[in-house]
Each structure stands twice: as structure tokens, then as C-alpha cells.
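2 protein chains.
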Amino acid sequence: MLRIWTLYAVLSTLNAENALEYHHNPRIILTEKDMPFRRHSRNGTHARSELVQGQHNDSIYVGGHRMLSYVDFQTPSQSKEVSMFENKCRDQEPTDSCEYDITILHKISGGKEVFVCGTNGILPVCCHVPQSQLGSCGSFSAEGIAPFSVEEKAPSLYIEDELYTTANLYIRGDGVGIHRHYGTKGKISSRANKTEQRVVAMAISGPRADPVQDRIYTFFVERNLDRHPEAAHWVSQVMQVCKADRGGTKNILDRHWTSLLTARLYCGIPEKALHFNRLLDVDVLHAANWTDSKVYALFTTGWGMRAVCIYTMGAIDHVFMTSRFKHKAEPAPIQPRMCVENSKNLPPEVLRQMKDYQEMKDLIRPVNASSPFMVSYRHYRHIRVDTVMGRDHVRHTVLFLSLESGKVHKVLEQAGPTFIIAELQPFRSRTHIQNMLLQTSTKKMYVSSSSEVVELDLRSCVKYGQRCEDCVQARDPYCGWDGTKCTAASRDTVQDVKHGNYMVCEEEGRTDKYVASRHVHSLPPTAKYVLQCPIVSGHAHYSWHHPGGQTDCLLAEGLCLMLIEKMAPELEGNYSCVFSEGGYQRTLVQYELQTESRARGLDSSLLAPGILLLCLILLD
Amino acid sequence: MLRIWTLYAVLSTLNAENALEYHHNPRIILTEKDMPFRRHSRNGTHARSELVQGQHNDSIYVGGHRMLSYVDFQTPSQSKEVSMFENKCRDQEPTDSCEYDITILHKISGGKEVFVCGTNGILPVCCHVPQSQLGSCGSFSAEGIAPFSVEEKAPSLYIEDELYTTANLYIRGDGVGIHRHYGTKGKISSRANKTEQRVVAMAISGPRADPVQDRIYTFFVERNLDRHPEAAHWVSQVMQVCKADRGGTKNILDRHWTSLLTARLYCGIPEKALHFNRLLDVDVLHAANWTDSKVYALFTTGWGMRAVCIYTMGAIDHVFMTSRFKHKAEPAPIQPRMCVENSKNLPPEVLRQMKDYQEMKDLIRPVNASSPFMVSYRHYRHIRVDTVMGRDHVRHTVLFLSLESGKVHKVLEQAGPTFIIAELQPFRSRTHIQNMLLQTSTKKMYVSSSSEVVELDLRSCVKYGQRCEDCVQARDPYCGWDGTKCTAASRDTVQDVKHGNYMVCEEEGRTDKYVASRHVHSLPPTAKYVLQCPIVSGHAHYSWHHPGGQTDCLLAEGLCLMLIEKMAPELEGNYSCVFSEGGYQRTLVQYELQTESRARGLDSSLLAPGILLLCLILLD
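Just so you know, the sequences run in chain order H and S. When the letters of the first sequence are read in order and numbered with the numbering used here, they come out as residues 1 to 620. When the letters of the second sequence are read in order and numbered with the numbering used here, they come out as residues 1 to 620.
By construction, these hints were calculated from the structure, which means they are not laboratory data. Predicted, not measured: the structure shown is a model, and the values here were computed from it. The reader is advised that the hints may include incorrect statements.
Which copy is meant is left open, so a pair is good if it fits within one copy or across any two.
Restricting the straight-line Cα-Cα distance to at most 16 Å, the calculated cross-link-like pairs of lysine to aspartate or glutamate (EDC-like) are [as the list claims (entries may be wrong)]: (1) LYS328 <-> ASP292; (2) LYS528 <-> GLU565; (3) LYS187 <-> ASP392; (4) LYS194 <-> ASP496; (5) LYS272 <-> ASP226; (6) LYS250 <-> GLU271; (7) LYS272 <-> GLU230; (8) LYS272 <-> GLU359; (9) LYS185 <-> GLU341; (10) LYS463 <-> GLU151; (11) LYS528 <-> GLU596; (12) LYS355 <-> GLU452.
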């Protein structure tokens, strides 16, 4: 009841349809009892965890407190762990801590090396670790590359031989920006920035036909300078720089970006004045054509609500290419919106303008401008996105959203109401998820807490049920019915992700008349009794059909019950628990209740010889 | 589980403490099974209901569609119903509807008359109905007094011989304002207003030592003219006029208010940028000293959240007396903030200023500036406030909040977390509450739906329990323990509203050692069984103490269950359901479970004669 209530309260204002509770509850909950989780427990406890894919399937690198680990979930014997930057202690004041936390982790030169940075809170350092001999590395000071503070999240990108970082330049902060290191085009930075910013993610916009036009996008939140009483405290923005940028001339923008532009990332329902202002996490789904690449962004509000908005790279690019500048009067600016081969040749007046005007007037709006893809009251923290090729040659997109309690929601991207396929519970107790890594080639997901890394097999389908109908109704693009079980989807498996229409089973001749198991129970007269029925789907409706008519379930923590207060002759008969979901109805369990007649109480097998014996005595 | 979840999501952002679910759930739910509701079913269905107190206790006047009813709940035979304004049909075009809906209802001249207005959607009319002969009345056209539209809510005040109304002046709307009719000081109006406004309530600020200084406050919401992208669509305001106002001179403000000022009514949590912008309902608690009178205001937001903010008349007055004007440069305005005996004598420049500047710069802030009195995700619609004198000579304030589903929450005003004493369910099915009337002298509340008016006795206490401790823990200021039962609070009853500390019972020697009833149950071996325990408080914790240890309840719709999957010898013994709330713990029910030995199955009383009979036959 309260479920309905609450959503009614929170969401009816957003969208009448969404007010239906089940759009915000998972259809099924999967714990380690239901699907295989492979675990790796980390030595010690870690303030953060950096994750990158390893060189083999089902293997990853994990950076944490003092340690860099290579974890192989297939052959755990292969796993190893090395302490990082210990050697730094030698050339340091004895007072300084030589316990470094890893803050940046990249696989480079085609996986042959791992690039690792860390900090002891005083001085950041980095080094290149050859994958062959983990551990040995000549570390060097990394001021301006990696963060000073262990707490600071500083997303970075390593593309070819170029490293793009977003760490604070100064130990005091207020120096967040985007900086390029290495490569032939030299080191370039943004100018110091006085407003508080927190970078959420980086991505490349491309690759494009002309590489000169490739851009780097940085997604960040910034303290809102708007002093309006109703203005939100944070606003979300995208910053672009051209990958080809070589900086300005000696006098103007020397060694600073000449292509840096920012635009506001909008997510909300304008007509209702509901805005999601604060960006939490971003994941990018790259497409063959870069303009179709999609940015999935998770936002929150002061009310604690969450929303996911989806943007195309094309739409973001369009704003940077066409929008007027926010604080600049017409006529249209002379800044070039195209990236240039060599920015040092740009005329001074252009450079001067690039120095003064950077913010776009137009907002970047989501694909479905009318409203976010998804709105929820749940405290989601991370977002990852994967695609699965359906048998019908349709690509299905699945979102993975981490919850603050340590759970993960597997959400189907579809038009209309949100459909949460499942809630995965990788951890045994409530914990905080620090990071998520998706290995799309193997369809594995890695989630890390301060003490554990757990591997989720996104294709574990058995739990959906033992029948084609169960498997199809689950609507999980990773799964299909192979004739005998619900298993990883392939060309030969039956599935209907779009509608979950179980009829496809019959069409494919994959179904068989189902009869629910039936239990007979004899109860003492006037006995109190309880009937149980399993909850196979959180989206289904359950009811008991019995001689007295029809009764809804008494729902209690994952059980559908029916209480028999006092057994009586008129209550004898069949009790079946009927489940219905999406027009699909079937009986899950059946009971036949009988009343023990008092006579039945007499055990004749005992009685007969007893009487004979007794009589023989009497006859004597 | 989900309860915790949702509140965690919605409210943890507001206040960590409030995230505890029970602050938003009633301690107990009372239906007609639990307390006496007296009902009056209205003839036909009504779009609205106007309620005023009748001349006797437990009697009210109800205005609806075509009908004015006098309802006497004590002696229903006294109730009568008359159709209003039927006679109007004669002097109307035959095309016009002569079905009038009552829109304004007041008891005047000391209760001897009822002032009634209604509309047929074309022309509003009013008339004075002598209480002695209900029905007979000479109606007159009421343009500018009562609304044209049946939908329009137009609060009004009838003070002494003056009527203050807020109806639209024109059938097209956009004429909302405050208008005075009758009385010696003549008719005065506000000037036509182009922005959309909806009046929520009216109240008098006074009576003051000097009657000239009495003011009328009008509480309303207005379309926000602020075009800021983040600005809310509605803002809440208070409008003041001096009761003594006689309007301006021929040239300036002729027959218009010369004392009309407006100020913004603020409710929210500024430091979190959480604002409740839209006023829904208001009730005023008048105090001996007018400055201490309190305004209880119910607000909502685009997110569907609700908040109750409390203001003192003194605070509102202070803003109107001292604030600068919003759109006016310094130096300080020359407008007089005091009401004047005869506004017609005001100098022209003053009148001119009063014409141009009306809006205050300062916001009116609630008593506890830091945050609203109460924040909830529940869809409250109406608010009424009552006070009860406690035995300890402390006045306790109780709020009544209607829910959209037709329920009413009884809420205790206290510092710290919200405490919902009870949820009252006056209606048999989900319905929309149209209006609420509190009869504080008799402690009765009247709630009306389109088809019913129900009387709630706010002092029905029996359901709280059969023990002093139950009664005290309920913390209901209307109730107390008289030594034998929980009943209407008096000088002689035991209660502790502030802490609900049951120890007062012992101190007063009103308690007796309590032993929970104990049931013995013999179960067949391996039988399945279920134990039940009643839920006496939604705020308490329940657990089962048994031979195997301690188990939390399996909570299912108002029941606390314990399932015995399979009876076994080791499960024999005592099972007690222990309830704890506010440090108070006790056993509610006890069961003793035994296993029937098969032998007991043989009924010896049947057996003996059977054997004898058998043997006699054999002996033959």
C-alpha cells in the first residue's frame, strides 16, 4: 500500500504512468544464491578503487591503497599483487608518509604497459609498469598530472601517446581544468579557475573523418554563480577542447587551450520547472558514426531524486558549433568553431576573444527533449551502459545503475515506462560501491567495494525460470530459451525483449502444457494453517483461487501467503496460487486441503491386532 | 524495506533524522470499527461543500449543489434541507440554468441569519436566510461578491457588518482581489489585476488595542512573474488591507484600497535550496495577544512534497511595518505603515505612491526560520489546527491534515521529528475530501465528500488500549487514563503528551501487573503453523521470543506473524510476541506449542465401548 502511496506522492507530479509502483521496482532480485558471483577480497581496506581491463578475459587491474593488483577470475592462481611507490620513501623526508593511494590507472601501448599514478597526500607520483614484470617501475613526480588529495576524483584519458588529465594543479585546489601531457603537440593547460568544479568524466568525440576535428569532452559540475534565490547550488557542464590544439602564441594564451568552450548540460522537465542540476556519473556508448554516439548521464537534485538523460555526440557538437556566446553581444563571434591544424597561427584578435568568451548560450538538451529517459527516487550513484545484439538483429541497450546500498539495477532502455529487469546483489552486506567496470566483450561487470571486487556474469539466466514463458517474460536481452533452459542469448534462442510476449514460445514450438505441482494436506478440524506461494516476479499480480472464491495474497517479505484461520469442512478443496503478468496467467502452486476425520485418527493397523489380543484374553 | 528505502531517498536529503520511516507513518489507524463516526449522506452529488457551524452543538450548515442543509448529528430528526434560489428561475431566460451551487456561506448577526451565495455559472446571487425559517429568502444579484464559476474558490470574511470577498469581478477572470461590501465605510475594491491569482484564505489580524489598526490578511498564490529558468511557476503571498480604509480621493485611488500591501510568504530550507512555493491551505490559531496568533500554512512543490510552515501574526505585521518596498529605490518610502482613521485625508503624493508601490522586499519567514515545522511526501490537501489544555496546564497543539485519499492525519505539534498520533479513516471508500470544519468547543471535526458529511469525535480514545500504559504511549492530548479506561482528557486523567512516558501510570498508582493471555496449542507432528500477534502501534518494534531464540516479525498488512514451517519436538515451548516502543517493552501474546503424540490420536472414550461391543459378539 505504502509503495503505491509514496510513488504517488513523489512521481505523480512527474508522469501519471510512472506513478505505477512497479516501474521503480526490479522484476526480480538476484543474490549469490541465484547466480554465480566470483569474488576477490582485497588486502586491507581501500578509500578508492581504480579499475581497468586486464590482458586476458575475466581479468582486471585494481588500484587501491598502496597496492596494484592483477586479478584473474578465471585462473585465480595467475592473480598477483604488488605494492607501489614504496621506493619513494628513500628520497623523502622521514616525516612524509610513503603509503600511496592509486588515483590514476590506464592500460597503454596496446596493453603492454600499465600507467599508474598515486599520492600520499603530499606529492603525487606516476610510473609506467610493464605488464610483464608488475611492480618494478621508475616513478616520477606528477604535479599537475595526478591529484594531491586521495579524495579527489580526477578523471583522465590516455589516447595514443597523449594523456589528458583534470587534476587540481595546486594542493589548495581551485586549479581544476583540463591539461594535456606528452605527445608531439606539447603540454597545454586551462587557465586557473576560481569557481569550485568537480570533474565527473572525460570522453573523446570522434574519431571523425578528419582527425584534426576530434575533440575531447570533459563533463563536470560547477558551483552555480547565479545568485538567484531559487537557483540550484550546482550546475552541470561540458567542456570541449580540440585534440589538435597546440595553444596560443607567446603573448596570448601561451601554452593554454585556444579551443576551450563550455556549454550547460540540461536535464529536466521544463514545463513543470523540475530540473536535475547535479551530474553524478557519465558513460558513453560509441557508435560507428561518431555523431550517433550516445552520452548517458546520471543526475540528481536537492530533493535526492535521480534522472538519466541521454545525449548524442552530434547534439553536443551542434551546440558548440552553432550557439551564440552567453556573455557576448551580437554580431556573431568571429571565433572559428572548427579545430585548426596549428592554433599558433590564429590571428591575435581571435585568440583574445577565445580568452574572454568561452561559455555557450544554448543548452545541450537530451535526445527526448520533453523529459529524461528515466526518473527515480532511488539513490543511484554510478551508470554503465552496454548493448546486446538481439536475435531479431535489433540492438538492445541495457543500463547498469549502482545503488548506495551496494546493489546494481539492470535496466532495459525502452520507450515508455522504466523496466528494471533485475536487482543484482553482489555483496553479502550493505556496502558502498566505489567503482564499476564493464567488460562488454565477455559480458562481465566488475563492482568494487573498499574490501572486495566482485565479478557479475551478465548472462546468468537460469534463475528466470524453468520454462520458455518464464525466460521470455524476463525480457532480458542477455538471455533466451534454448529449448531446455533459459541461457545466454544466441541465434538459436527464443526471446521477445520488446514485449515479453510468451506466445513466441508456442510459435516456436518450445512450450509444453504446464501443470503446477499439487500437494495434499490433511488438517485437524479447526486447525490454523498457512499456504505459501513463491514470488517469481515483482511485477506480477498474485491471487488465491479456492472454493470460497478468490483472495489476494497476504504479501510478506518475498512470500505470498494465505491464512486459514480455522479449518472447517466448507474450506476443503483446491487452493491454487495464480500469477498474472503482462496478460500471461498461470498457476504456480496447488494445494488440496482436507479435514482429518476424527476416525482417521484411529490407526487401524495398530487397532486390529490390539482388539484380537484383548478378546482372546476375555475368551479365556 | 521499501518504506525505509523511499524515505531514505526522498528525505535523507532534508534531514537525516526524518529519514526514519515512522515519523511519516501514523502510530495507529482508526476506522469506523475503532471509533464512532456519525454520518450524514447528502442528496445527490456535489461539486463542492461549504461548511459552517450550526446553532446547536454537533450541528452544521452544509452548502452544496442546489441545496442548503442544516445537519444535526445529535438529533437527526432536527436536520432539514432546503433548495436555494429556485425562485430565480422565474426572472431568467428559460435557457439559463436555475441550478445554483452554493459558493459562500456565513453565519451572521450572532447566528440568527445565514448569508448564502451561489452561482449557476452565469450570474451569482446571494441572500440572507433567517435561521428560523430556512429557505425563504429574497435573493439579489451578487456580481463582484460571489464567483461566477462553480469551480472558483473565493474565500470571504464576514466581520460585524462588513463582508470581505475575493471573487473574480469579471466572468472572464483576471479580476481577483479583495473587496469590501456593506458597512458604514463603503464599498472598496482592489484594482483589476492581470496576473493569475488564486486566493487560499482570509484572516483578521487583530483585534488590536486600537481597532483602527486592525488589518485583513489575504493568503494567495500568484503566477510567478520571475522568468528565471529555475523560478517556480507559483509564488505564495500575503496581502494586507486596513479594516479602517475608506479608499482614496476622487482623483487617486477612488473607492480603492489605500493600505493594500503584499509580501512573499516563504517556506523552505534555504541552505539546501529546497523551496515550497505553492500555498495549499491555511488555518489560524488566534491567541489572547494578537501578535502571538499563529498562521499554519500547508505548501507543496513541483516535486509533490508537502511542508507545513508556522508564522506569527506579529512576524507578518513586522514585515509590513518595516520592510523596504521591492521595486522602489531609497530613500525610505513616505507611505505611512500605520492605518489611518480616514484615508480620504491622505496627501496626494502618498496616495500616488500607494498606487505605484505595494510589494515588500523582505520575505515573511516561519517561526523556526531554519526549516519548516514538518516535511512529508504525503499528499496533504487541507490543514486545521486545534489546541487542548493539558492537565499540566500546558496547551498542546494538534494539526489535522487531510489526505487525497479521504483520510485525515492527527499530528502533534512538538519540537523535533513529526509525530503522527493517528490516521482517521472516516470514509468507507477512497474519496476526495472537499472541506473540513473544526468545532473546537465540542472537539468535533466535520469532513465532507461529494456525497457525505462525517463527524469525527476527536476525543474517542478507547482504541488506544485497555491499559494506562497504552493510553499514555498514544500521546494524544485529547485522551487520558481515568483508572479504568482511556477516555477524554480531564483534570483527573493520567497522560504524558510530551514524552509518552508510561512510568506516570505507576507514579499515579494507576497500573497493575499485566499478564498477556496465553494459549496452548497442540500441533500434529511436522505440522505447518502460523502464530499471530496484533500490531498495536505502527511505531513499535515487534519480535518473537521462543525456545530457538529471537525472531523479528514477518510483517503482513497489519499482522505480525511467525511461520512454523514444520513442527518438531525441539520447537515445543513458549512463544511470546514482545512489543517495544519508546523504551517501553511488554509481551502482547503468548503461545505454548506442543506436539500431539500419535497415541493421543486414539480417542479412548470412543475406543472402550467399541471393544466391548466387539467382544460380546465374539463371545456369542
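How the hints compare with the structure:
1. Neither within a single protomer nor between protomers do LYS328 and ASP292 lie at most 16 Å apart by alpha-carbon distance, with minima of 31 Å and 53 Å respectively.
2. For a Cα distance limit of 16 Å, the shortest separation of LYS528 from GLU565 qualifies both inside one copy, at 5 Å, and across copies, at 13 Å.
3. With identical chains, the CA atoms of LYS187 and ASP392 are never at most 16 Å apart, being 48 Å at best within one copy and 76 Å at best between copies.
4. For a Cα distance limit of 16 Å, the shortest separation of LYS194 from ASP496 qualifies neither inside one copy, at 53 Å, nor across copies, at 55 Å.
5. Taking CA atoms no more than 16 Å apart as the test, LYS272 paired with ASP226 passes between copies only; the shortest distance there is 15 Å, against 21 Å inside one copy.
6. For the homomeric pair LYS250 and GLU271, neither the shortest alpha-carbon distance inside one copy (49 Å) nor that between copies (45 Å) is at most 16 Å.
7. In this homomeric assembly, LYS272 and GLU230 come within 16 Å of each other (Cα to Cα) both inside a single copy, at 15 Å, and across copies, at 10 Å.
8. Proximity of LYS272 to GLU359 under the C-alpha cut-off of 16 Å is found in neither arrangement, the shortest distances being 26 Å within a copy and 26 Å between copies.
9. Proximity of LYS185 and GLU341 under a CA criterion of 16 Å is satisfied intra-copy only: 11 Å inside one chain copy versus 82 Å between copies.
10. Taking the shortest Cα distances, LYS463 and GLU151 never come within 16 Å of each other, neither inside one copy (39 Å) nor across copies (54 Å).
11. In this assembly of identical chains, LYS528 and GLU596 lie within 16 Å of each other by CA distance both inside one copy and across copies; the values are 13 Å within and 15 Å between.
12. Taking CA atoms no more than 16 Å apart as the test, LYS355 paired with GLU452 passes in neither setting, with 46 Å inside one copy and 71 Å between copies.
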